[in-house]
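Chemist: Given the coordinates of chain A, assemble chain B onto it according to the supplied hints.
Keeping their order, the protein sequence lines are chains A and B. The working numbering puts the first sequence at residues -13 to 509. The working numbering puts the second sequence at residues -13 to 509.
What the hints contain is simulated information worked out from the structure, not anything from laboratory work. Keep in mind that the hints are not guaranteed to be accurate.
Treat identical chains as interchangeable: a pair holds within one or across any two.
Stated by the list, open to error - Straight line, CA to CA, 27 Å or less: simulated BS3-like cross-link-like pairs of lysine-lysine:
1. Lys473 x Lys307
2. Lys473 x Lys95
3. Lys307 x Lys451
4. Lys500 x Lys95
5. Lys195 x Lys500
6. Lys473 x Lys451
Keep in mind the model is a prediction, meaning the values are calculated, not measured.
There are 2 protein chains.
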Amino acid sequence: MADTTTRRRRGAGRSGGRAGAAARRGDAVIEQMPWDPPVNIDRPTEPLEAEGVAAIHDGAMRILEEIGIAFLNEDALRLFREAGCKVDGDVVRMDRDFVMEMVARAPAKFTITPRNPDRTIEIGGRNLLFGNVSSPPNYWDLEIGRKVSGNRDMCRNLLKLTQYFNCIHFAGGYPVEPVDIHASVRHLDVLYDKLTLTDKAMHAYSLGKERVEDVMEMVRIAGGLSDEEFESTPRMYTNINSTSPLKHDQPMIDGCLRLARRGQAIVVTPFTLAGAMAPVTMAGAVAQSIAEALSAIALFQYVRPGIPCVIGTFTSNVDMKSGAPAFGTPEYMRSTQMTGQMARFYGLPMRSSGVCAANVPDGQAVWETSNSLWAAVQSGTNIVYHAAGWLEGGLIASPEKFIMDCEILQQIQRYMQPEVTSTAPDAIALDAIAEVGHQGHFFGIQHTQDRYTSAFYQPFLSDWKNYEAWESVGGIWTAERAHHLFKQIIASFEAPPMDPAIREELAAFVVRRKEEGGAPTDF
Amino acid sequence: MADTTTRRRRGAGRSGGRAGAAARRGDAVIEQMPWDPPVNIDRPTEPLEAEGVAAIHDGAMRILEEIGIAFLNEDALRLFREAGCKVDGDVVRMDRDFVMEMVARAPAKFTITPRNPDRTIEIGGRNLLFGNVSSPPNYWDLEIGRKVSGNRDMCRNLLKLTQYFNCIHFAGGYPVEPVDIHASVRHLDVLYDKLTLTDKAMHAYSLGKERVEDVMEMVRIAGGLSDEEFESTPRMYTNINSTSPLKHDQPMIDGCLRLARRGQAIVVTPFTLAGAMAPVTMAGAVAQSIAEALSAIALFQYVRPGIPCVIGTFTSNVDMKSGAPAFGTPEYMRSTQMTGQMARFYGLPMRSSGVCAANVPDGQAVWETSNSLWAAVQSGTNIVYHAAGWLEGGLIASPEKFIMDCEILQQIQRYMQPEVTSTAPDAIALDAIAEVGHQGHFFGIQHTQDRYTSAFYQPFLSDWKNYEAWESVGGIWTAERAHHLFKQIIASFEAPPMDPAIREELAAFVVRRKEEGGAPTDF
Chain A
-13 MADTTTRRRR GAGRSGGRAG AAARRGDAVI EQMPWDPPVN IDRPTEPLEA EGVAAIHDGA
47 MRILEEIGIA FLNEDALRLF REAGCKVDGD VVRMDRDFVM EMVARAPAKF TITPRNPDRT
107 IEIGGRNLLF GNVSSPPNYW DLEIGRKVSG NRDMCRNLLK LTQYFNCIHF AGGYPVEPVD
167 IHASVRHLDV LYDKLTLTDK AMHAYSLGKE RVEDVMEMVR IAGGLSDEEF ESTPRMYTNI
227 NSTSPLKHDQ PMIDGCLRLA RRGQAIVVTP FTLAGAMAPV TMAGAVAQSI AEALSAIALF
287 QYVRPGIPCV IGTFTSNVDM KSGAPAFGTP EYMRSTQMTG QMARFYGLPM RSSGVCAANV
347 PDGQAVWETS NSLWAAVQSG TNIVYHAAGW LEGGLIASPE KFIMDCEILQ QIQRYMQPEV
407 TSTAPDAIAL DAIAEVGHQG HFFGIQHTQD RYTSAFYQPF LSDWKNYEAW ESVGGIWTAE
467 RAHHLFKQII ASFEAPPMDP AIREELAAFV VRRKEEGGAP TDF
Chain B
-13 MADTTTRRRR GAGRSGGRAG AAARRGDAVI EQMPWDPPVN IDRPTEPLEA EGVAAIHDGA
47 MRILEEIGIA FLNEDALRLF REAGCKVDGD VVRMDRDFVM EMVARAPAKF TITPRNPDRT
107 IEIGGRNLLF GNVSSPPNYW DLEIGRKVSG NRDMCRNLLK LTQYFNCIHF AGGYPVEPVD
167 IHASVRHLDV LYDKLTLTDK AMHAYSLGKE RVEDVMEMVR IAGGLSDEEF ESTPRMYTNI
227 NSTSPLKHDQ PMIDGCLRLA RRGQAIVVTP FTLAGAMAPV TMAGAVAQSI AEALSAIALF
287 QYVRPGIPCV IGTFTSNVDM KSGAPAFGTP EYMRSTQMTG QMARFYGLPM RSSGVCAANV
347 PDGQAVWETS NSLWAAVQSG TNIVYHAAGW LEGGLIASPE KFIMDCEILQ QIQRYMQPEV
407 TSTAPDAIAL DAIAEVGHQG HFFGIQHTQD RYTSAFYQPF LSDWKNYEAW ESVGGIWTAE
467 RAHHLFKQII ASFEAPPMDP AIREELAAFV VRRKEEGGAP TDF
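Looking at chain A on its own, in the form it has when it is part of the complex (with noise of 0.2 Å):
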């Protein structure tokens, strides 16, 4: 990828005639999927055995009770202390029984209603959703061609990509960190833009008091909400991360706790790299993970019983020869699929990620990305975070990865459509078999052409024309195919209506918190 001009002049003729014949017939740029969260049809993959679930709910009620999770937050010990549980200094630990009464309150399902109800999503069961990528600081697309700090045009191209693919169920965190933006006012910015540009179920960072009253408050004002009504029902969320190992900090267990008594969903995802933060052997470091985060979840259900909360995963491993994270590892797989099994015995909903640590849209990134979406599909996981757009590690966000990742994400909601596998008399389609005998072909008969339009998945990125044909129009590889679809998808995109008042009222909040200061920046 040297050339990244010369490889988009060649493509520029054929996306404009895509792009020219989608305007010719009013519709959108690409033929895509409806909205239709998938639910997951399949059996679990589960590694362990009964004797092994044992054994790491065994380990990870041990490191609760003998060693005890670090909260470097003065509210969390107080309740703590106030529970009942051991509080050294900053360490405390807690009995299983307490942490098993406490994690027993937390729904198995919940719902998150964002401003467009036709967008809430249901967490749990079976349920499998996809958010976009969340917080890396860069960005890299194939017309810069380097990876670049994150800005606000970016972020809302990212975002316009959220809402634009059905498969995207709910925004995560910014999909890149625009740093353009001074940190004390970023967040009344990206959710202004998150907030007009998107409908779908929002999530704010837990990074100090005022950017979650913030952003709890203008969730509540695009929604049209009272309090009341805010409260009434999961509007948004937060996810944290624990500061492996065994620790939680003080601004992360603060946001909980503001969206936990304001009836908001939460989501504790530990981040356990095997061999760094956590153990080497794969068990231990989903061990460590399940205690961080069931110590967290316990503090919640104390604090405001029944409160929606989500056991994550990001259990991963190093790379033993540099030390730097891999993603999308067999072992990665591995713990992923023993999350899952742990997540049903605890029976919390469970959140996993799609991930790579390739540095852009290549082979890798797609071998790497797709293990971690089939894991995630295997594990029972019920919300993927990062499930587009995410490339090294996190670290980079870019718009033709977004789009690669959507066209497998597509694929995944085919895989779960029951009639893909029915085995209806018509489905097996005997008379079918003899009309066309021993000579003929299905094309022309009635029984292709009743089912012809909806028998198959039709991608909109891959290209199954033949090489011939493929080379005719440019021989265009699938990143430059996704690139051309980008800027096509940002050319045409329409932000979801919201009444002029709405937008008004989000607005002079802005104003008015950037005048007061936005927030602090010394968390």
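Modeler: Frame of chain A; chain B shown alone:
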């Protein structure tokens, strides 16, 4: 990839450095996993309930009983008549009792012993074996940069890759058709190349009596075997496709009967493309595929009870817009899984494939191939044809794709190692977690030191460097990295040892058979 020249030049420094380092070390180009064919420890993914299995079985049996299969082979028609089946013209109808009785004779497991007995493979049970791409007429690599007809050099290079990679367990058909060799003698030259460049299990095309007999003779010579020894256990195999719908051709059946009579293994793989040669509904396409396969397997079991037979699947769907075949689709994955359930129902080992429709080794190639390889894993497939090197629906072989696929195959090998998911006390690692506590890291502790060299999968092609380090050595995308490895592997390739007397005997056989005119080309 418009400018492969530039891109190759940019990468040269790095690859040269790597090759130099390898040469200095005096070891292989890459550190790869050892020869250790995976055992599939996962429960298969089973989309069908028991009633679904029964419905497809009943559909297949009714096809055999009511519609029948055409056998364009007089020998087969005579044998079916002798067995009491109804033969009308070339259409054979057989009742389910006969079919099930014959199929029950096939072993659930068997071995193939190639000239190097250390490369013996066991087919069936939970064994998972990978073979090279077979039969593309065309070739593509980054240096050539376009699709060209295959030749003997290309074929030899791909055979070297087949031998080099420990994750390739058997040699399929020609990894590319060397169309520069006349068809009458092509099998002689390629088998000479295959038998001298590799020591893995061999395949014969069932394309006429002379070819099949010549290949059996050459495999016998290469193994230093008497006729009796050759016939005492499978030394090789053939793979046939039916001519869907519902037909078996003369040379395919002829070849299988020849192998069956000499105790060699047979893979029967209908090519039922849903919407073209099979019903547009996947269960119908699977039922038809099962019927086509079982009809041939029943014949072979009638002729030679207990002869090793494998049921193959090649059920995919067409692109309903163009009629072109699609591969690695959601429908492909589900049909492979469904066929896996049927194979277990019949007690037969199973074959599936690693396939894609992509024209170059790009992102699409990887997601389609990953989908098909993981579907093979999930289906309980025993042998995976085309597991490395396939492009453009099997019309192109590519060394870069071969090497990229081997990276994925190695990951599957690692994924299946039980130690990854061990929950033994030292894997839960409570002492290590206690030792590190709330502040440290796990890099330096004894628990990590004792395990770090083997704790995690080490890729040979994935690049886990961060962006800056990756960029500083040329910013090379996956396909180009694979190209560099290809050059190095070929440059340093050493053929497996062969007794000079055997080599001479093989060469003399080729000379003699060429003098005799080889095989007719009007098959």
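Chemist: Return the numbers of the hints above that this structure violates; sort them in rising order.
Modeler: Result: hints 2 and 4 break, sorted rising.
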